[in-house]
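**Student:** Residues per chain, in single letters:
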Amino acid sequence: GAGVSQSPSNKVTEKGKDVELRCDPISGHTALYWYRQSLGQGLEFLIYFQGNSAPDKSGLPSDRFSAERTGGSVSTLTIQRTQQEDSAVYLCASSLQGRNGYTFGSGTRLTVV
Amino acid sequence: RKEVEQDPGPFNVPEGATVAFNCTYSNSASQSFFWYRQDCRKEPKLLMSVYSSGNEDGRFTAQLNRASQYISLLIRDSKLSDSATYLCVVNIPRGKLTFGQGTILTVHP
Chain A
1 GAGVSQSPSN KVTEKGKDVE LRCDPISGHT ALYWYRQSLG QGLEFLIYFQ GNSAPDKSGL
61 PSDRFSAERT GGSVSTLTIQ RTQQEDSAVY LCASSLQGRN GYTFGSGTRL TVV
Chain B
1 RKEVEQDPGP FNVPEGATVA FNCTYSNSAS QSFFWYRQDC RKEPKLLMSV YSSGNEDGRF
61 TAQLNRASQY ISLLIRDSKL SDSATYLCVV NIPRGKLTFG QGTILTVHP
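So the protein lines, in turn, are chains A and B. At position 41 of the first sequence the residue is numbered 41 (the numbering used here), and the sequence of numbers has no breaks. At position 63 of the second sequence the residue is numbered 63 (the numbering used here), and the sequence of numbers has no breaks.
There could be a bad hint or two in this list.
Covered stretches of chain A, going by a simulated chain B footprint (3 or more residues, C-beta under 8 Å) [stated by the list, open to error]:
| hint | segment |
| --- | --- |
| 1 | 21 to 27 |
| 2 | 103 to 111 |
Ranges between beta-carbon positions, derived for each pair [to be verified]:
| hint | chain 1 | residue 1 | chain 2 | residue 2 | range |
| --- | --- | --- | --- | --- | --- |
| 3 | B | P14 | A | K17 | 45 to 51 Å |
| 4 | A | S62 | B | S26 | 21 to 27 Å |
| 5 | A | A2 | B | S53 | 46 to 52 Å |
| 6 | B | E5 | A | S38 | 17 to 23 Å |
| 7 | B | R59 | A | S62 | 31 to 37 Å |
| 8 | A | S38 | B | N22 | 24 to 30 Å |
| 9 | B | I104 | A | Q83 | 25 to 31 Å |
| 10 | B | A20 | A | P55 | 30 to 36 Å |
| 11 | B | Y70 | A | N10 | 14 to 20 Å |
The set of hints was computed from the structure by calculation and includes no laboratory data. Glycine included, each C-beta is placed from N, C-alpha and C at the ideal position.
Let the hints inform the model, and build the full structure from the sequences given.
**Tutor:** This is the structure in structure tokens:
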């Protein structure tokens with residue numbers, strides 16, 4: 001597609017439920033990043049994919065968080081047993097080779113009630 | 001020490017002013033450098049890449065000093081529409097893209 005697409009744009013879920021967030025990067029982009037941003041805070045790195053592999057998972061906050069990427073394209077971020085502190089905007093970015101910068105999707109705003 | 005450090009500001013400047021933001025990074029293996037801007041409740045958008053020789057895009061000039069591990073952004077003739085948070089971003093080879101906390105700029109009439 002023309003840009004990075006994320007879905008859903010908004011998600012309200014009950015504490016304890018599982019959620020799945022989707023990122024569809026720009027066609028042909030090999031690098032894909034997940035970040036989250038709480039209100040008024042900076043971007044917190046979660047995970048990075050190069051193709052289908054994840055060289056750096058160091059940012060995942062707990063084992064309730066997991067992510068996968070298949071076919072070198074779409075990625076899903078799954079949060080199990082959601083907690084209120086998981087409420088944030090989850091942002092995905094992709095890049096062809098990195099040197100030309102990264103394009104962000106408009107994010108998924110997750111609210112855990 | 002944070003991997004990428006920025007002065008959070010806020011910077012409040014009048015229209016037409018020149019304003020400069022600084023950023024330092026800790027990983028000497030860093031190879032790619034960028035400035036992004038983020039408007040309130042929006043995703044970050046690439047403003048410009050930063051090259052060793054320095055580069056300019058209209059009213060915006062970016063500089064990189066590898067020896068000091070320092071990046072700067074200069075905005076000339078500030079416009080109201082320049083009000084945003086400016087993010088310094090650093091990438092190491094095959095590594096994660098690391099963001100500074102951002103510098104808040106408000107341009108007032």
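**Student:** Among the hints numbered above, which are violated by the structure, and what are their numbers in rising order?
**Tutor:** 1, 5, 7, 11
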